[in-house]
Amino acid sequence: MIAPSVLGVASYWGPITASIIMVVGAVIAWIAVSWSRSSAPQDPTEEKLATYACGEEVKAERTRPSDIEIDETRPHGERFFSPIKEIFKGFYESIWAGHTGDLSTYLIWLVFGIVILIVLIWIILI
Amino acid sequence: MMWFAARISEHLPIFAVAIPLLGGFVTPLIGILGERWSSIKAVDYFALIIAVLTFLTMIPLARGVIGGGEIFVYELAGRIPPWGISLAVDGLSILAGLIAAGITLAVVIFSIGFMKKEEGLDKYYLLLLIMCAGMIGISFTADIFNLYVFFEIMSISSYALVAYYRTGRSLEGSFKYLIMGTIGTVSILWGIAIVYGAVGTLNIADLSVRLVAVSEIAAGVPLSIIFALALFVAGFGLKIGMVPLHAWLPDAYQAAPAPISAVLAGGTTVVGVAALLRVTYLLFDALAIGYMFIGLGLITMVIGSFIALVQEDLKRLLAYSGISQMGYILLGVGLGGLGGIGVSEAILGFEGGMFHLLNNAIYKPLLFLCAGAVIYRVGTSNMEEIGGLAKKMPVTAATFLIGVLALAGIPPLNGFASKWLIYVTGVQVNQPILTVIAVVVSGLTLAYLLKAFTMVFLGPVPAKFENVGKVPVSLQIPMLALAALCIVFGILPGLGLELVGPAWEPLFDHVPYVEAVLGGVIP
Amino acid sequence: MFPLHYPVAILMFLVGVYCLLYRRNLIKMVIGLVLLTDGVHLFLVSVGYNIRNVENPIPPILTERWLDSIPEFAAQSVDPLPQVLVLTSIVIDISIVALALSLVIYIYNKYGTLNPHEIRELRG
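Residue numbers (my numbering), protein chains in the order written: chain A, 1 to 126; chain B, 1001 to 1523; chain C, 2001 to 2124.
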């Protein structure tokens, strides 16, 4: 793509270029998020949520987030985790699942790690 | 007064180790006397005085080493090297010692408020101060078996501190840490045994001179020396969280009290990296190991940040993030070891790695202390259950945000300066793949940290946390101080590079260090 | 017989590692830890024994017989420095084992089992 020397990586223009790229990237990300929000289904307004109570004023009770399981009012939780786990399924099912909490598994990794270190250092120094 | 100051300044290196050690042992006595005679918590303030005194002993040493470029050598009991134990304070030592003393001071101030309701506080401060003595001892010593003893002192105190709340999880985390940590330190002891058998001395400077002779006689590096080097790298690598030796780290950091996680993340990893560099680059003169550090650093970075993306517990997420940042440091240090490519790139990479070490030791304890402040008020660290705390705890939210931006590498905070140096070095050695991977991991870091921030501090507040108030002052002081340091090192990165600059000198050019420690005595 | 010190020390280390990896009981794991560390201590003492390249080295105790010929005594005795190092290390390992065993007692009170497969609340 763009050669690093054009971006001025190694001179004093480098950090300035990086800041400009970060700001442009943040603007693009904000445009994308606000476009997706405007094209998503809208939340119902206060009037629509009000219950009919024969002329009396009844406030709409909003269920607390800790009461319901999958939570659409908070922009995180399952909606953040599941796409990541789908995309990188190979990694998560092999390496993350390997962190089972079992001490013996961790110790086997330790032994293999020491053996790999010995082999690597032998290759480098000979 | 001047006579007194002159006498103390001769013995400053040993005071830096002895004050926290003796102060720690006196702490339970002060606790008993304080309970009997008055009602104030005397242990808190005594530990604070000892921590402040330890930090004050570092300042004249720092001024001498960084400002003047001297190496302070202190021979214990006046025995000449290499038959006696010496303490040698050079650039690498004073960097690690300053960070250890500073983080201990911040954690003691934090613990005064955080641990107010706990029992057995005198033993807590005892273990914390002994851990500080161990960390400073590792960075200052010039004798390899002394390094092993101080390493064990630091490790055993941390095993006991991780299990401080005697809940099931704390005990489990502490036991895993104990078993794996002991295998690491036993590897170091085996390495010492092999090296002693080959050469016959225990002084680091003397060993570095004689091991070169051994490999010259044997026409190539003998297999036992390679095995010893691998054992040392395994032992120190386990402490700093190098993959695949990292598995104890998330469990121990999650189970420990938050200030202890902060001192483990900021203190023991820094000291572990300093000891690793001193042993591999100075003792064995094995700068070519840089290739292995680069590879392991990349793997560590990637695995740490990918697993941190799907964590639900705040402290566990920060622990995996710490593993990922250690990958950056190994990448920078590994690039620094490749002196054959062109010495200026090596120095740049090394400075990037060491500056990132300093920055990591500032913003990682900051994030753990903020997590501790949240736990102090809310009682849980599971991010799914908490939310919307920004209005209730504004200081915590602001300092957490500064820590998040610093870790992710946003200008003008300090993380950007050190990561920039590592990116530039990757391009200059004609391996842009390193820079690309580092940048991608940096983006992932920003993603999971922002997720953590929004889950904890933004959004609606759950019903049971309506009455959460601000944290007390003693918790706010260290958070504000560390956040201020983040901003200062970000706006003036030259200040940080000046602190870090003398650290690479003894590793590339052994002669000043060897001459200073051996004092012209070449047996 | 060829010197058996180093192979036996390495064998002790490997048996300790086997105990840590494949035994499903916390106390057996602590025993494995002790075997592992004692293997390395035996290795270190053997280094002192073999470092002099003498047939049968004598213990490093200066008696009246050797008072006049101290250089020969130094050339024929075992190196005492590794023995001192091992003493220090044994003391360190005693404190580690004491801490480990007290942790095992607490874990048994909290979890009711000593099987590390079942003590797995921290995972992921």
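Since the hints were derived computationally from the structure, they do not count as laboratory data. Each hint should be verified, as a subset may be incorrect.
Claimed, not checked - Facing chain C, a subset of chain A residues (Cβ under 8 Å, in silico): (1) 94; (2) 99; (3) 107.
Built from N, CA and C at the ideal position, the CB exists for glycine as well.
Hint-by-hint comparison with the structure:
With a cut of 8 Å, the hint placing residue 94(A) at the interface with chain C is violated, because the nearest CB-to-CB distance is about 14 Å. Interface restraint check for residue 99(A): the shortest CB-CB distance to chain C comes to about 6 Å, inside 8 Å, so the restraint holds. Given the 8 Å rule on beta carbons, the hint for residue 107(A) holds: about 5 Å separates it from the nearest Cβ of chain C.
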